[in-house]
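Asks: Turn these sequences into a full structure, and let the hints steer you where they fit.
Note that the protein sequences, when read in sequence, are chains C and W. Just so we're on the same page, the working numbering is the position in the first sequence counted from 1, plus 587. Just so we're on the same page, the working numbering is the position in the second sequence counted from 1, plus 587.
Hints are computed from structural coordinates only; laboratory data are not their basis. C-beta atoms are modelled at their ideal positions from N, C-alpha and C, and glycine is treated no differently. It cannot be assumed that every hint is accurate.
Unchecked claim - Per label pair, the in silico range of CB-to-CB distance:
#, chain 1, residue 1, chain 2, residue 2, range
1, W, Thr779, C, Thr742, 50 to 60 Å
2, W, Gly929, C, Gly887, 22 to 32 Å
3, C, Pro678, W, Pro900, 32 to 42 Å
2 protein chains.
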Amino acid sequence: MSIPGAGRPLPGFYAVIPAGGAGTRLWPLSRAAHPKFLHDLTGTGRSLLQSTWDRLVPMTRSICVVTGAAHAGAVAEQLPALAAEDLFVEPSPRDSTAAIGLAAAVLVRRDPDAVIGSFAADHVIGDQQVFAAAVAEAVATARTGLLVTVGITPTYPATGFGYVCAGEQLDVPDAPSALRVTRFVEKPDAQTAAQYVAAGFRWNAGMFVVRAATLLDLLAEHQPALAAGLREIADAWAGPTREEVLERLWPTLTRIAIDYAVAEPAAAAGRVAVVPGEFGWDDIGDFNALAGLLPVGPDGVQVLGDAQSVLSPGGRAMVVSASGRLVALLGVEDLVVVDTPGALLVASRERAQDVKTIVDLVRARGRADLL
Amino acid sequence: MSIPGAGRPLPGFYAVIPAGGAGTRLWPLSRAAHPKFLHDLTGTGRSLLQSTWDRLVPMTRSICVVTGAAHAGAVAEQLPALAAEDLFVEPSPRDSTAAIGLAAAVLVRRDPDAVIGSFAADHVIGDQQVFAAAVAEAVATARTGLLVTVGITPTYPATGFGYVCAGEQLDVPDAPSALRVTRFVEKPDAQTAAQYVAAGFRWNAGMFVVRAATLLDLLAEHQPALAAGLREIADAWAGPTREEVLERLWPTLTRIAIDYAVAEPAAAAGRVAVVPGEFGWDDIGDFNALAGLLPVGPDGVQVLGDAQSVLSPGGRAMVVSASGRLVALLGVEDLVVVDTPGALLVASRERAQDVKTIVDLVRARGRADLL
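Replies: In C-alpha cells:
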C-alpha cells in the first residue's frame with residue numbers, strides 16, 4: 588500500500604526496519620511470542636510493522652527487516668512484498684548495533700554508496716508527507732558523510748526519551764533544516780526535561796540515516812571487535828557458509844545500543860547531524876501512550892479491539908478487548924483494562940508505566956507461558 | 588454434614604428452603620443458569636444452598652427444597668441426602684407465596700401438626716448455635732398459632748432491607764425472647780433507617796416459622812384464590828395426576844411475595860411474632876456484601892476463587908477469579924473485578940449495588956447467553 592504524495596523514491600536509499608523489543612509495558616497485549624510491532628494498535632487494520640513498511644515504500648525500492656528467529660515467520664506473513672534476501676534473521680538478540688550494523692555490512696556489499704535509514708517497527712508517525720520530507724533531508728545530509736538522526740520536536744517535557752542537542756546550521760543542499768548535533772543526553776528527570784524543551788532540544792527517536800560505509804567506519808573506530816565480526820558475517824552472507832559463520836560469530840558480538848556505540852562518540856567528534864521531525868511521533872511506550880492514539884467513544888471509553896463487547900454506562904477507561912468476552916465497566920475512572928485470553932490486567936492510568944512490575948511478578952511465578 | 592452442638596432435633600419441625608432468585612447484583616458470577624445459591628461464596632467448599640442445608644440438618648429430620656425446573660438437577664446433585672419426595676419443582680417462578688404455600692399444603696397432608704420454617708438458600712449465618720436457639724424459640728412460638736419471623740438485630744442502618752417493628756413480650760414457654768410484631772415496614776431511606784435502628788426495629792430477613800395449617804388458614808383468608816389453587820395441587824401431589832394438575836393450575840397462581848400476601852395483614856391482626864436473631868446474618872446482596880465476608884490477603888486483595896492466579900503489588904480490590912486466567916492489578920483502589928469465562932466485570936466498590944444496570948444492558952444487547 589503506497590501513500591499518495593507521501594514522498595518520492597530516493598535513489599540509493601535503503602530502509603532498515605529493526606523489528607524487536609517485547610513491549611513489556613504493553614503486557615499482556617504485547618507478548619514475547621507476539622510483540623508490539625506485530626499488533627494493530629491504532630485500529631487501522633495494519634500492524635505497526637505494516638504501517639512502518641507502508642510509509643517507507645514510497646521512498647525506496649529496498650526495505651529490509653532485521654528480526655529474531657522467533658518472529659521471522661510472522662514478519663514474512665505480514666509483509667508479503669518483503670524479499671527473502673531482505674529479511675535478516677538474528678539467531679539471538681544482540682541489541683541494536685549488531686542488528687543495524689549487520690544490515691549496513693550486507694547492504695554496502697550490494698551498493699557501496701548505499702544510504703541506510705533505520706526506523707523502528709513499533710512507532711507511529713502522524714503526517715506522512717512531513718515525515719517523508721524529513722527523511723529526504725536526512726538522506727541528503729547523510730550523503731555528506733554525517734550520521735543523521737531525525738530529532739522529534741517535543742510536544743511536552745517527556746521523561747521517557749533521550750534528547751538531542753543541536754548547534755550550528757549545516758547548509759547542506761536539499762537539507763535546509765539540518766543542524767549539527769553537539770550531544771545526546773539521557774532520559775531526564777521532569778525538571779531537566781523542562782529545561783531541555785525550553786532550550787530547544789529534540790527527542791531522540793532512534794531514527795538514524797547514514798551512508799552504510801560511514802556507519803561501518805564509525806563502528807570500526809569505536810567498536811572494532813564488533814565491526815570485525817559483522818564484516819566476517821557479511822562476507823559470508825551471500826554464500827554457502829552464512830549459517831555456519833553466523834552461528835559461530837553472532838553470539839560473540841558486543842551487545843550495545845547504537846546510541847552508545849556510535850551516535851554519542853560521533854557527536855562528540857562533530858560528525859552527527861539532526862533533521863527536525865515535526866510530523867507527530869509516538870513510540871507507544873505504555874498504555875497511556877496507546878490511549879492517546881485511540882478515539883473516545885460515545886460512552887467515554889476508548890476501545891482497542893472489539894468495541895461491541897464493551898459495556899460502560901458512564902465511567903472513563905481504556906479497554907483492550909482481545910479475548911472475545913464481554914467486558915462490563917461500572918463507575919470506574921481512568922482505568923486501563925487489558926483483556927486477553929490468558930491474562931487480564933486492570934491498572935490505574937497513572938500506574939500504566941509500571942506494568943513491568945507485573946511482568947516481573949509473572950516471571951517470578953514461573954508463568955513464562957504468559958510473557 | 589451436621590454441626591456439633593448447633594441445635595437439637597425439634598419434633599414436628601419441617602424446614603423449607605426456597606431456592607430461587609438470580610442474584611442479579613452478583614452478575615456475572617451469579618447467572619440464571621447457575622444462580623447465587625449454587626455457589627460457594629464464602630470459600631468454605633460448600634455452596635450457600637449446602638451451607639443452609641448443613642445448618643438445618645441438626646434441627647429436623649425433614650428438609651424440603653422448592654426450586655425451579657432449571658435448577659432441580661443441580662440442587663439434587665448438591666444435596667445427595669435430599670429425598671426425592673422433598674424436592675418440590677416449580678414449573679415456573681410464581682414468587683414466594685406460591686413456593687412456600689405449596690410446601691405447606693403438601694407437608695400438612697403428611698403431618699397435620701407440622702411446623703414449617705422457611706429459610707432462603709442464599710443467605711449466610713454467623714453463629715450456628717445462636718441461630719439454632721432462635722429457631723427453637725420460633726418453633727415454640729409458632730405452636731401457639733402465630734406466624735413467627737426471625738428478626739435480625741441490625742448492625743448498621745441498612746437501606747437494603749425491610750424492617751420489623753415489635754411491641755409487647757409474648758411470654759411463650761420455651762420462647763422467652765418472642766415479641767408481638769406490630770408492623771412490617773418497607774426498605775427505608777438512610778434517615779428513616781437510622782430512626783428504625785434507634786427505635787429497635789429489626790431486619791426482615793424473610794425467615795418465617797409457622798404451623799403449616801396456620802399459614803394455609805391465613806392464605807385462605809387473605810389470598811383465597813391462591814389458597815384454593817394450592818389446595819387442589821396438594822390434593823393431587825401424591826397421586827398420578829400431579830403433573831397434569833400442576834401444569835394446569837400453577838400458571839394461574841397469584842404472583843405475590845409472602846410478606847405482602849400474609850405477613851403484613853397478619854401483623855395488622857396481631858397474629859405475628861418476632862424472635863430476635865443475634866447470630867450474624869447477610870444475604871450477600873451485592874459484591875460489597877461479598878467482600879465483607881472474604882478475608883483480606885497479605886497483598887490487600889480479597890479473592891474468591893483461585894487466589895494463586897491473582898497478582899496485585901499494592902492496591903485494594905475484591906477479585907472473583909473464576910476463569911482460570913491470570914488477573915493482574917496495578918494501582919487500583921476499592922475495585923471489584925469479577926473474571927468469569929464469558930464475561931468480565933470491573934466496577935468501583937461504591938457502584939457495586941448498581942450491577943443490575945449492566946445486566947439490563949447485557950439483556951438489551953441480546954446477550955441472554957450471558958445472563
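Asks: Would you list, in rising numerical order, the hints stated earlier that this structure does not obey?
Replies: Result: no hint breaks.
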